[in-house]
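Protein chains: 2
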Amino acid sequence: MSATLVIIDMQKALDDPRYGTRGQHDAEANMARLLTHWRDLGNPVVHVRDNSLDPDSPYAPGKATHEFKPQLAPLQHEPIIDKQTNNAFIGTDLMQVLEEFGSSDLIVCGVHLHQCVESTVRMAGNLGFLVFLPEDCVICVDVLDRKGNRWTADQVHDLTLAILDGDYCKVVSSADLMGSAADGVIH
Amino acid sequence: MSATLVIIDMQKALDDPRYGTRGQHDAEANMARLLTHWRDLGNPVVHVRDNSLDPDSPYAPGKATHEFKPQLAPLQHEPIIDKQTNNAFIGTDLMQVLEEFGSSDLIVCGVHLHQCVESTVRMAGNLGFLVFLPEDCVICVDVLDRKGNRWTADQVHDLTLAILDGDYCKVVSSADLMGSAADGVIH
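Chains as they are written, first to last, in the numbering used here: chain A, 15 to 201; chain B, 15 to 201.
No wet-lab data here; the hints were simulated from the structure. You may find that some hints are simply not true.
Because identical chains share one entry, a pair is satisfied inside a single copy or across any pair of copies.
Subject to a maximum C-alpha distance of 20 Å in a straight line, what follows is the list of computed SDA-like cross-link-like pairs (lysine to any residue) [as the list claims (entries may be wrong)]:
no., residue 1, residue 2
1, 184, 159
2, 77, 65
3, 26, 98
4, 184, 158
5, 77, 111
6, 161, 150
7, 161, 98
8, 161, 179
9, 161, 40
10, 26, 184
11, 26, 46
12, 161, 180
13, 161, 186
14, 77, 150
15, 184, 44
Bound-form chain A, shown alone (with noise of 0.2 Å):
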């Protein structure tokens, strides 16, 4: 059985400035070898959407901005799942999805991290999933905090894969996955 790569709103909306400062640069060019890579060994993939309810939200569907990144969009056979809350889980039909693919593993990557990446996360951990969560293919943005602290990006991403990592997934890097995965299995 082979993991299945969860690939979270990667939309052109992530650049817009009013999200904040992002951090992992080279989180997309990581995502899209990746990509290529699961495509390659034939392995299933399914491409997360956020469609907003707000429409002045640039994820809101008939935006621009809410199409996929180009170099990570979906091929036509790789299902699309569209939700409007940070858990790719709630409202979906994610779970139906996957188990038609027969995927109790999964890799879960995308934006943001610290959102809707965690969300989906902590739950499929809590479901049963086995998940592999690739520190190099996730973005986080700075936050404020209500003592008027500001956490860069990097901060934010140290700590949630530090809270995530043993109780919900498994935090590897996209090497690790592409060197353990050349027979289709993670190990």
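Put chain B on the given structure of chain A with help from the hints.
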């Protein structure tokens, strides 16, 4: 309609040193005051309890440390939700209990903020509940990240609340809740 107070994993086990160095030492006293106030108003209270499947865990049923802390112990009529993952909605009847109470508003508190409380708050917010998170009624421990940096419990507390506030819940203080809920409704 009155908010349901959901208290997560306030068992003696949380004092086990294996979980790291905790912060927020006033949290138990703050929760006990909020609990008394909520009971006096006649508002619903739910206690979530961790039933670890790991026989070595202090949260394993049968151990003395599996018991609730005495100042936060349930009254006989208050439901206890036994869970085995971080998320109090998964594999439990929490949703059914909340539907019976007719609660669309929740107050969620307990331990650890960045683990079971956060997983439950993210899910509750995405399911459509209006969630209040009293910042002085949650407990974190320090976290060692993958680069070897140690984050204090206060740092984990501050960043976690900043990420959750507005997207999944409204971060408040227990004083806010006790002040505004004199009529049983949170404004």
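Original post:
Among all the numbered hints in the text so far, which are the ones the structure does not match?
Top reply: 5, 7, 10 and 14
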